[in-house]
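Please build the complex by placing chain B on the supplied structure of chain A, with the hints as guidance.
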Amino acid sequence: MNDNFPPPPSVFPYFRATQYACALSIYLLRNNSERKDLVAKLISLEATMSAGRKLFRLGNTINSIEAAKRTMRLSDRVLGLCLTAANINRALYFICDNALWARSVGLIRDIDKERWSLNASRCYFLSLVMHLTRDVYVVLQLMAQKVRDKHFRQKMDQHVSENPEVVDVVVPQLDAFLFVLLESLKSHPAVALDTLKNICDLFIPLDRLGIYQSNAGVVGFCGLMSSLIGILTLTHPELRIKP
Amino acid sequence: MDSWVRFNAQSQAKERVIRAAQYACTLLGYTLKKGGAAAELHKTISQLEAHMSLTRKLLRLGNSVEALEAAKRAIHLSDSVLRLCLTISHLNKAMYFACDNVLWAGKTGLISKLDQQKWTQRSFRYYLFALILNLTRDVYELRLLIESEERYRASRSPPSPSTTLPADSLSSSSSSPAAPATIALPVMSAWLCRRLHLLGMVLYNNPPLLLDLLKNSCDIFIPLDRLGIYPTGSGFVGACGLASSVLSILTIINPWLKLKP
Numbered sequence: 001m002n003d004n005f006p007p008p009p010s011v012f013p014y015f016r017a018t019q020y021a022c023a024l025s026i027y028l029l030r031n032n033s034e035r036k037d038l039v040a041k042l043i044s045l046e047a048t049m050s051a052g053r054k055l056f057r058l059g060n061t062i063n064s065i066e067a068a069k070r071t072m073r074l075s076d077r078v079l080g081l082c083l084t085a086a087n088i089n090r091a092l093y094f095i096c097d098n099a100l101w102a103r104s105v106g107l108i109r110d111i112d113k114e115r116w117s118l119n120a121s122r123c124y125f126l127s128l129v130m131h132l133t134r135d136v137y138v139v140l141q142l143m144a145q146k147v148r149d150k151h152f153r154q155k156m157d158q159h160v161s162e163n164p165e166v167v168d169v170v171v172p173q174l175d176a177f178l179f180v181l182l183e184s185l186k187s188h189p190a191v192a193l194d195t196l197k198n199i200c201d202l203f204i205p206l207d208r209l210g211i212y213q214s215n216a217g218v219v220g221f222c223g224l225m226s227s228l229i230g231i232l233t234l235t236h237p238e239l240r241i242k243p
Numbered sequence: 001m002d003s004w005v006r007f008n009a010q011s012q013a014k015e016r017v018i019r020a021a022q023y024a025c026t027l028l029g030y031t032l033k034k035g036g037a038a039a040e041l042h043k044t045i046s047q048l049e050a051h052m053s054l055t056r057k058l059l060r061l062g063n064s065v066e067a068l069e070a071a072k073r074a075i076h077l078s079d080s081v082l083r084l085c086l087t088i089s090h091l092n093k094a095m096y097f098a099c100d101n102v103l104w105a106g107k108t109g110l111i112s113k114l115d116q117q118k119w120t121q122r123s124f125r126y127y128l129f130a131l132i133l134n135l136t137r138d139v140y141e142l143r144l145l146i147e148s149e150e151r152y153r154a155s156r157s158p159p160s161p162s163t164t165l166p167a168d169s170l171s172s173s174s175s176s177p178a179a180p181a182t183i184a185l186p187v188m189s190a191w192l193c194r195r196l197h198l199l200g201m202v203l204y205n206n207p208p209l210l211l212d213l214l215k216n217s218c219d220i221f222i223p224l225d226r227l228g229i230y231p232t233g234s235g236f237v238g239a240c241g242l243a244s245s246v247l248s249i250l251t252i253i254n255p256w257l258k259l260k261p
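Here the protein sequences line up with chains A and B, keeping their order.
Numbering of the first sequence is given in the UniProt record's numbering, commencing with residue 1 and proceeding in unit increments.
Numbering of the second sequence is given in the UniProt record's numbering, commencing with residue 1 and proceeding in unit increments.
Just chain A, same shape as in the assembly (with noise of 0.2 Å):
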């Protein structure tokens, strides 16, 4: 395929930017008596947009399928496992997405939308579980790596002959350790951004799965948070994490 121009724009982040922005508003003005009006509009407004993403979502499965059969050819073990678990459990996510999609518009009847609900969610939590665990090991080899580093290693012990009193109050070791962590995140955007969307991203699942009953409000902050980041490492691919 020959094409000199890059590809337009895709919009898909924005709406779920939208959508969790209105989840957010409707969850706190759900007590404002004057604005019931606002809160019909918003509520109508989240409904459209999550059925519309639904129906955009329908040709990402086998996006992910490509997407697992790179990864299994990743010469790190370690993270092409990581990532082919992600993405196998993202299609399976996909294909119930796509079964609830066709039973709203109806499409297929005899289906118990509760129990895919659970699946979908399931196989999504899975999908995050995967690439946080990717993101811990990723910021484990930037640590050690950071700690071989012989210029490193200076900066440390002069932060530590710095804040002496810092030192005996926190547990040594343990400051070294943040110090490293901090100083490798900071070091490499990219994955700090990948770590902190997958945190906000796995309280959605966590409170429909009910393993983490938070409110409606933190998973509409939760997924906003979450998709403007996406739209960040949208807008800015260096801020991407690579692969």
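None of these hints come from the bench; they were simulated from the model.
Note that the Cβ used here is the ideal one computed from N, Cα and C, for glycine as well.
Any given hint might turn out to be false.
[Said to hold, decoys possible] Calculated pairs, DSS-like style, for lysine-lysine (alpha carbon to alpha carbon, straight line, at most 30 Å): (1) A:K242 - A:K186; (2) B:K107 - A:K36; (3) A:K146 - A:K41; (4) B:K118 - A:K36; (5) B:K43 - B:K113; (6) A:K41 - B:K118; (7) B:K43 - B:K72; (8) B:K118 - B:K107; (9) A:K54 - B:K113; (10) B:K33 - A:K54; (11) B:K107 - A:K54; (12) B:K107 - A:K113.
[Said to hold, decoys possible] These stretches of chain B come out as covered by chain A in the derived footprint (C-beta under 8 Å, 3 or more residues): (13) 10 to 22; (14) 106 to 112; (15) 115 to 129.
Positioned in the frame of chain A, the structure of chain B alone reads:
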């Protein structure tokens, strides 16, 4: 499969696929009604069509600005006819998308008490003007290409004696009053055949122009039917919409098939 991933990531490509599915539903609904299928199935298909139409409106929320940008670019074209056609066509498209956005807001409930019928008619009118201008541009480009092809042929081979009218030889012989009429018909059909052959050649050698012409011709039946100017029925509209969506998906997959500018 890499091309599928890239295709899928573009919202414009997804919008075209959903458009194809929407008009396929229209066509399917028509055939089901003709075939006397169950009302339940027909209701499901029309609900699915409405759902796809609303979702497409959501995807098109930013297209008004894009059309204005395209109009700004079209002003700088060198050819005056192209400049006029394309600029006004893009402006009409921008108005169509603006009306479409208002309709989306009305259908979602953001704007209460919207006269949806009026705004639908308005949006289809702008769409019709844009399509007429696009077709004018296609015909103009076709004429230019035919003229240049004719000049190229004339320069390559001077007109041979065989192509001159056989009237010379016939007029010398004894002629009846009906002779000019009888020789004019085969002459005209030969001329028509030559013109059609030339047209076919030009279109065959310029697939982007052919695709654009076919696409606009198919598309024009949609607003003509919806505005009541030339009602053709939902089956024909569905078939035309499906055909033009498939053609535009082809131009997205193969960007060289897109007519430039």
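Can you name, in rising order, the numbers of the hints this structure does not satisfy? 3, 7 and 15
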